[in-house]
Amino acid sequence: MNGRRRVRWTPTLLATYLLAAGFALVAVFPVYWMLVAALQSGKDVFVYPPRLVPNLSEWRVFQQLFATQPMLLWIGNTVLVATGVAVLSVGLAIPAAYAFSRFRFVGGTGIQFVLLLTQMLPSTVLIVPLFILFRQAHMLNTRSAIILAQTALVAPIAVWIIKAFIDSIPLEVEEAALIDGCSRMVVLWRVTLPLALPAVVASFAMSFFEAWNVFVYALTFTPDQRLWLTSVGLASWIGELTTPVEIMMSGAVVFTLPSVVVFLALQQRLVGGLSAGAIK
Amino acid sequence: MLVTPILAVITAFVLYPMAQGVLISLYEARDLVPRPEEFAGLANFSRLFQSETTLTTIRVTLVYVVVTTIAAIVIALASALVLNASFWGRAFVRAALTIPWATPLVAGALIWFWMFDPQYGVINFGVRLLGLSQHGIPWLLSPEWALPAVVAVDVWRTFPFGALVLLTALQAIDPDLYGVAAVDGAGQVAIFRNVILPSIRSSLALLGLLYTIWGMKRFDTIWILTQGGPADTTNVLSVYIYREAFRNFRVGDASAMAIVGAALSVLVTLAYFMMERRRERS
Numbered sequence: 001m002n003g004r005r006r007v008r009w010t011p012t013l014l015a016t017y018l019l020a021a022g023f024a025l026v027a028v029f030p031v032y033w034m035l036v037a038a039l040q041s042g043k044d045v046f047v048y049p050p051r052l053v054p055n056l057s058e059w060r061v062f063q064q065l066f067a068t069q070p071m072l073l074w075i076g077n078t079v080l081v082a083t084g085v086a087v088l089s090v091g092l093a094i095p096a097a098y099a100f101s102r103f104r105f106v107g108g109t110g111i112q113f114v115l116l117l118t119q120m121l122p123s124t125v126l127i128v129p130l131f132i133l134f135r136q137a138h139m140l141n142t143r144s145a146i147i148l149a150q151t152a153l154v155a156p157i158a159v160w161i162i163k164a165f166i167d168s169i170p171l172e173v174e175e176a177a178l179i180d181g182c183s184r185m186v187v188l189w190r191v192t193l194p195l196a197l198p199a200v201v202a203s204f205a206m207s208f209f210e211a212w213n214v215f216v217y218a219l220t221f222t223p224d225q226r227l228w229l230t231s232v233g234l235a236s237w238i239g240e241l242t243t244p245v246e247i248m249m250s251g252a253v254v255f256t257l258p259s260v261v262v263f264l265a266l267q268q269r270l271v272g273g274l275s276a277g278a279i280k
Numbered sequence: 001m002l003v004t005p006i007l008a009v010i011t012a013f014v015l016y017p018m019a020q021g022v023l024i025s026l027y028e029a030r031d032l033v034p035r036p037e038e039f040a041g042l043a044n045f046s047r048l049f050q051s052e053t054t055l056t057t058i059r060v061t062l063v064y065v066v067v068t069t070i071a072a073i074v075i076a077l078a079s080a081l082v083l084n085a086s087f088w089g090r091a092f093v094r095a096a097l098t099i100p101w102a103t104p105l106v107a108g109a110l111i112w113f114w115m116f117d118p119q120y121g122v123i124n125f126g127v128r129l130l131g132l133s134q135h136g137i138p139w140l141l142s143p144e145w146a147l148p149a150v151v152a153v154d155v156w157r158t159f160p161f162g163a164l165v166l167l168t169a170l171q172a173i174d175p176d177l178y179g180v181a182a183v184d185g186a187g188q189v190a191i192f193r194n195v196i197l198p199s200i201r202s203s204l205a206l207l208g209l210l211y212t213i214w215g216m217k218r219f220d221t222i223w224i225l226t227q228g229g230p231a232d233t234t235n236v237l238s239v240y241i242y243r244e245a246f247r248n249f250r251v252g253d254a255s256a257m258a259i260v261g262a263a264l265s266v267l268v269t270l271a272y273f274m275m276e277r278r279r280e281r282s
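Chains X and P, in that order, are what the protein sequence lines are. Mapping of the first sequence onto the working numbering: residues 1 to 280, in sequence order. Mapping of the second sequence onto the working numbering: residues 1 to 282, in sequence order.
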């Protein structure tokens with residue numbers, strides 16, 4: 001509809017717009033400022049007053065970033081770890097979510113409480129024992145160590161997202177297949193899983209970006225620079241004071257972009273899954 | 001059984017380390033792995049409650065958790081109420097609120113580190129522009145301002161999640177209820193108290209729990225921005241544990257503090273569930 005409608009500017013509407021604009025600005029400004037700081041020449045970084053808009057002709061900063069920093073290596077490691085965590089988490093979560101949704105069994109409540117417990121403990125609480133564990137298992141400086149430790153923390157959230165979705169699938173759908181003589185596993189694989197696909201995709205994305213974010217485990221378990229994740233690499237710039245600001249910020253842009261794009265696409269389902277999981 | 005695999009992974013990488021952590025906290029453990037002759041009993045714990053640094057850590061952690069939780073909930077509620085009105089561009093504002101939440105923690109820390117820069121940071125540019133201070137404020141380097149600064153970063157990152165959760169709850173309210181209230185002649189405040197608040201109470205309680213737990217966990221941002229300094233003013237529990245274990249190599253002390261932290265988190269969660277249960281019954 002293109003017809004112009006006159007907006008009546010009541011004081012309430014005006015206040016709504018002002019407040020909404022204020023909240024949006026607070027939320028977006030730091031990320032906008034990251035773009036401004038990335039897209040500027042090294043000289044402009046220290047001018048006063050600062051430039052308030054990005055200088056698009058400085059896009060070569062990104063070329064410099066990849067030329068001077070092991071950014072590709074870090075991103076490669078991060079993608080590998082994040083994919084590992086996502087595949088493992090979803091693989092572990094699907095059967096568990098199905099069981100919690102469809103069966104009542106002895107210890108079920110207890111196990112659900114254990115899942116919740118994993119979300120309550122600060123990672124730093126586990127870090128010393130895990131470090132010892134991985135050292136004994138000769139797994140320090142392996143990406144598998146990060147993947148396994150992180151999966152244990154992420155898989156429970158994937159369980160909640162998928163369980164909340166399976167709860168909403170009517171039982172009759174499965175019963176029809178069971179009457180036709182399919183086994184439970186076949187029903188889960190052929191009937192329930194295809195229906196729950198949106199939740200599986202959402203929990204895969206959630207697990208992937210939880211692992212994209214992982215920091216303290218990576219910082220501790222992989223001192224070897226060749227195995228650094230992007231998070232550890234970017235953080236290392238802060239202490240050393242030799243990396244130019246515009247390079248730091250362009251690195252942050254590259255690290256942020258994939259995450260923001262996917263979150264924007266999936267925000268509704270992620271909010272629903274997280275809160276539903278924690279309530280039940 | 002269907003839940004065995006996930007349970008095995010959690011046992012190996014959460015429950016077993018947790019138990020191991022309790023064990024280590026009873027040892028001196030200078031060399032990471034506790035040796036029998038290093039058995040110290042509860043000495044690590046008693047030292048914990050006598051040392052100035054650890055008491056500061058506990059105080060800073062409590063302030064950090066309480067302030068971030070309250071601030072995030074208040075701002076989340078305010079923005080959810082605004083977004084609950086229908087206006088052109090609402091979807092855009094919703095999308096804007098997703099961005100801090102989607103920004104990786106380390107990237108966010110890097111951005112704020114630059115924004116807080118005493119000389120060239122945009123925040124001090126604003127401070128000077130408004131004439132609040134001639135020279136600007138040395139945010140992360142100042143004992144008075146470092147804690148408020150890291151709190152602000154945390155609230156920026158976490159309030160949008162609360163806003164989206166509360167918005168979902170607000171939109172689930174039956175529109176007829178507003179109509180009834182209007183017929184009864186209820187004002188805005190009365191509508192908020194009698195219609196809105198009861199409908200979102202469980203979401204608010206849940207956010208209180210999540211924000212508390214997240215606050216207890218927060219490590220990345222503070223580690224990058226201040227490493228717990230200046231003068232321990234931002235030395236929250238997670239940062240303390242990491243610093244003691246991997247910088248000062250006092251693994252026993254670190255583990256004792258970790259147990260205290262874990263116990264606090266579990267207590268908060270149990271309190272939440274007991275309150276919810278009692279409310280369901282009444």
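No wet-lab data here; the hints were simulated from the structure. Note that the structure is a prediction, hence the values are computed from the model and not measured. Possibly wrong hints are sitting among the right ones.
[Stated by the list, open to error] Some chain P residues judged to face chain X by a derived CB distance under 8 Å, without partners named: (1) M18; (2) V33; (3) P36; (4) W101; (5) M115; (6) L130; (7) V151; (8) A152; (9) W156; (10) I191; (11) A245; (12) N248; (13) F249; (14) T269.
Beta carbons are placed, not taken as given, at the ideal position from N, Cα and C, and that holds for glycine.
Checklist entry - Which hint numbers doesn't this structure obey? => result 3, 6, 7, 8, 10, 12, 13
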